[in-house]
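> Take a look at the letters that make up each chain.
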Amino acid sequence: MGFDYTRSLGPTLGRFLTDLRRRKVTGIRGSDGRVHVPPLEYDPVTAERLSEFVDVASTGVVRGWSWIPEPLEAQPLDRPFAWALIQLDGADTSLLHAVDAGSPDRMSTGARVRVRWRAERVGAITDIECFELSDEPSADPVEADEVTMVTTPVHLHYTHSASPTEDPFLRGLMEGRLIAQRCPECSKVYFPPRPACPTDGVPTTDRIELSDRGTVTTFCVVNVPFLGQRIPPPYVSAYVLLDGADIPFLHLLLGVAPEDVRMGMRVEAVWKPREEWGPTMQNIDHFKPSGEPDAPFDSYSQHL
Amino acid sequence: MRDIAVVGFAQTPCVRETDGTTNGVEMLVPIFHEVLGGLGLTKSDIGFWCSGSSDYLAGRAFSFVSAVDAIGAFPPIMESHVEMDAAWALYEAWVKLLCGEVDTALVYGFGKSSAGQLRRVMAMQLDPYVVTPLWPDSLGLAGIQARMGIEAGLWDERQMASVAARSRAAAVSNPLAQLSGSVEVSDLLATPYVVDPLRRHDCAPITDGAATIVLAAGDRARELCERPAWITGFEHRVDSPSFGARDLLGCASAVAAGKAAGAGGVEVAELHAPFTHQEIMLRQALGLGDDVVVNPSGGVLAGNPMFAAGLARIGEAARRVHDGSASKVLGHATSGPLLQQNLVCVMEGRE
Amino acid sequence: MRPAAVVGTGQTHHAAKRLDVSMAGLCREAIDRAMADAGVDWPDIDAVVLGKAPDLFEGVMMPELFLADALGAVGKPLLRVHTAGSVGGSTGNVAASLVQSGVHDRVLAVAFEKQSESNAMWALSVPTPFTMPVHAGAGGYFAPHVRAYIRRAAAPEHVGAMVAAKDRRNGALNPYAHLKQPDITVESVRASTMLWDPIRYDETCPSSDGACAVVISAEPTSGRAAWIRATAMRTEPTTFAGRDQVNPQAGRDAARALWKQAGITDPLSEVDAAEIYVPFSWFEPMWLENLGFTDIGQGWKLTEAGETEIGGRLPVNPSGGVLSSNPIGASGLLRFAEAAMQVMGTAGEHQVDGARVALGHAYGGGSQFFAMWVVGQEKP
Chain A
1269 MGFDYTRSLG PTLGRFLTDL RRRKVTGIRG SDGRVHVPPL EYDPVTAERL SEFVDVASTG
1329 VVRGWSWIPE PLEAQPLDRP FAWALIQLDG ADTSLLHAVD AGSPDRMSTG ARVRVRWRAE
1389 RVGAITDIEC FELSDEPSAD PVEADEVTMV TTPVHLHYTH SASPTEDPFL RGLMEGRLIA
1449 QRCPECSKVY FPPRPACPTD GVPTTDRIEL SDRGTVTTFC VVNVPFLGQR IPPPYVSAYV
1509 LLDGADIPFL HLLLGVAPED VRMGMRVEAV WKPREEWGPT MQNIDHFKPS GEPDAPFDSY
1569 SQHL
Chain B
284 MRDIAVVGFA QTPCVRETDG TTNGVEMLVP IFHEVLGGLG LTKSDIGFWC SGSSDYLAGR
344 AFSFVSAVDA IGAFPPIMES HVEMDAAWAL YEAWVKLLCG EVDTALVYGF GKSSAGQLRR
404 VMAMQLDPYV VTPLWPDSLG LAGIQARMGI EAGLWDERQM ASVAARSRAA AVSNPLAQLS
464 GSVEVSDLLA TPYVVDPLRR HDCAPITDGA ATIVLAAGDR ARELCERPAW ITGFEHRVDS
524 PSFGARDLLG CASAVAAGKA AGAGGVEVAE LHAPFTHQEI MLRQALGLGD DVVVNPSGGV
584 LAGNPMFAAG LARIGEAARR VHDGSASKVL GHATSGPLLQ QNLVCVMEGR E
Chain C
1396 MRPAAVVGTG QTHHAAKRLD VSMAGLCREA IDRAMADAGV DWPDIDAVVL GKAPDLFEGV
1456 MMPELFLADA LGAVGKPLLR VHTAGSVGGS TGNVAASLVQ SGVHDRVLAV AFEKQSESNA
1516 MWALSVPTPF TMPVHAGAGG YFAPHVRAYI RRAAAPEHVG AMVAAKDRRN GALNPYAHLK
1576 QPDITVESVR ASTMLWDPIR YDETCPSSDG ACAVVISAEP TSGRAAWIRA TAMRTEPTTF
1636 AGRDQVNPQA GRDAARALWK QAGITDPLSE VDAAEIYVPF SWFEPMWLEN LGFTDIGQGW
1696 KLTEAGETEI GGRLPVNPSG GVLSSNPIGA SGLLRFAEAA MQVMGTAGEH QVDGARVALG
1756 HAYGGGSQFF AMWVVGQEKP
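Chains as they are written, first to last, in our numbering: chain A, 1269 to 1572; chain B, 284 to 634; chain C, 1396 to 1775.
Since the hints were derived computationally from the structure, they do not count as laboratory data. We put the CB at the ideal spot given by N, CA and C, even for glycine. Heads up, some of the hints might be wrong.
Said to hold, decoys possible - Restraint-style ranges between C-beta atoms, simulated for each label pair:
hint, chain 1, residue 1, chain 2, residue 2, range
1, A, M1269, C, Q1644, 26 to 36 Å
2, C, E1665, B, E550, 28 to 38 Å
3, A, F1565, C, P1551, 48 to 58 Å
4, B, R483, A, D1346, 21 to 31 Å
5, C, A1411, A, V1322, 32 to 42 Å
6, A, P1409, C, P1438, 39 to 49 Å
7, C, P1438, B, S327, 37 to 47 Å
8, C, S1583, A, K1556, 34 to 44 Å
9, C, D1436, A, E1411, 39 to 49 Å
10, B, H316, A, S1319, 27 to 37 Å
11, A, G1523, C, P1551, 48 to 58 Å
12, C, G1497, B, G548, 18 to 28 Å
13, C, S1583, A, F1565, 29 to 39 Å
What the hints assert, rightly or not - Under the rule of at most 20 Å between Cα atoms (straight-line distance), these lysine to any residue pairs were calculated in the SDA-like manner:
hint, chain 1, residue 1, chain 2, residue 2
14, B, K326, A, E1453
15, A, K1456, C, D1639
16, C, K1774, B, K326
My request is simple: use the sequences and hints to build the entire structure.
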């Protein structure tokens, strides 16, 4: 799951990140007189909007630290490093960042550190590549354009597993079969099966094989392009109620002009070539009209 | 104000990985049956439902929506959800019962931490402009706090290991625990650091699980439970997100919540402390003396189902009242990085 | 249950992209207005409730944590509600219950969405394996149900366009609205692009950045008060066999409970203004029926007769509604706040004359989560 978030900064964070781009660190004075770095937009004591910017040094002292022997994805350094709370000279509170110390033996609370500026700066906290153990000043400020936005890539990895109740359904799909399950309490037939019957809260148990024919209960014509869309519009997205099922599901309806699609239209599945099958409903490429007469409204009016 | 009590509690086993989906249905169905069955109730007897969970933990938007399937929520139910640990859902339900509209509530939380990389997922809770882009991991942050406490003389690595050893020993009597057993402090101290100064035993395990509590008011509670755990204080507070601005060792929000809830005089406390040093911090913050039994269940160091673990602490504490082994107990929950947000629920048995 | 009232409301100027502010700044724009309206300061606030739709929209897990300073919540109780699209309404109801229960005297409820940080369509359709991708986007989910309504109610096709034209014209009277289209007509709506047939472009809500805040108190603070006469919340599963997605029972049950608690027997005559969550135009007649303002199949007739315009029998969405501004997580609280503004007499150019009782309504998910309140000038 990945997305690059685009964040507008507003005046306080905009000033801070613009200054980082200029190799300068800026704090802000709180209502109790403390100088906060990074600058806080609102005071943690009084909730007032803060506005008095204060220049601080790019050197400071370690107030607390931990050692990361195996860095994780996207962290500031890809070799072992320290996370540290660093109080910059001129500030009263500490900033979190990485220290490139080489070894935990060289780290200590009270150690003097300075900013190592990234060569290519964009106006982001990562313009500080990391801190390094040193008592010397960092590189001098330079000119750079103001920033008002920051882009934050977020990439996280998840392993999703199928529910055990979905197993027979997914195995069935691999064989081109449609396996539904009946709720033992209300006898309704669910396709796809559900981990629990949504009206009774019990696992659906009895397996039933359904045919790949059904009725369009309702539909819409998609004319709008959107991110992640798989086929060009216009096309029909239809609720299909398989014969013998008690609940319709959304699928594509092709092989008919959108203006000719009707509620009650009888349809049948068009399967992908067998060699493309996997444990997914996408084995059915789409539905198409079966040519049977339309189903009467009463036969599906309870499924709208 | 009406008297309201915890009358029922159930939780799943704490396990490293379940085979269910991240919307929790498979974990919730059995514990709903257990807690309702134990009280002789059905879903239609519940006046209000409230849950706690997280989309980022689940890796999908609206994970709590599918969880409603586990209830069988038709006819429709009165229901709400917090994107927090379910201990705060319990708070919302308690408030609802105080309003007098309904007499019973069922609260649940669930989390499948195994789906993602928890250390990185939790970085999403930090300031998105100037902290998250560095991807500080939850262990790295806790390590800073632990060292600050060590260097301030508040605890040492041996005391931290003792917390772990005591938790695992206590968990031997908890069949749902993920980690339990008898371990020597000296053996624990001989293991390598995961994130210096934290060793593996200092960190709660990664756990999949769910928990549920039933609340009832007044006479309804007395009907349902021989010895209800009456809620006498229920408070929560939040601290500043700024690591620099707040006192990372003082835990002001826990101090304030404990004071307001009346934590004095409790015999048993279940503390939601995902790191060993945080248990020591919370004991100090809540003013718990050496005579207070802390985490008889083993606590979250023995099993930490995210977004259910705080609720489970309250359930475990209530259980000591239900079984008559204690008369005043405390359940605590935390949320946010480095104990930013804290909740205290004090419960009493009455003769 | 003791009485509670809305004593102050505030909202942001809503826009597609509020690039001039951070998330904290966006929230504070609404909060500062609400607190000034109520005449209260931070020490007067006992607790804060924040509502917001999925965390994936802004890419922050539980953003109330990093916003705690800006929300003035440090050292106080802070709750985060998330009930999908109905969340703004739920936020109002939870905040109300904190006062009604006697737990707190004054509570700040805040809801926001900064949709421009990401792409909502993306966040809602993060593909998970084993599930069928929806080929249709957000509007595509609801369009088939709109089609089913039109067929069941035998409604004439232009009613949807009438709703859209009315709400956008109302939006032009609201200084905070995202879309202001004073010159829109039924004909121009009908001429706009068909997106998800039967839903046209002009019948669709915008995507907005915005926030809303209300102060709820046991006692009036500024003199003005919108007393909360009833609240209701109901939920049903997204899909189940035999589910009525056009007229969901959860909405009917919530409305029935709401009117009963408020002591209202004939909603159409007793309610003076309604702020109803209408993200696609046809949901106005659908919800008029679901809420019990009309009989089944009759909602569109109220709209068609012009009775839902300002000056009509039941003005619906005098603020312009969701069709004019849609910061998702805040949209429900905006409905609740706008209802309060009507009975407080602070709605300005979109004020309904003599409004004494008003409805705030929100729904979410697949028309499955409902939250509502009724506010009035009389203390209950």
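> Of the numbered hints stated earlier in the document, which are not met by this structure?
2, 3, 10, 11 and 16
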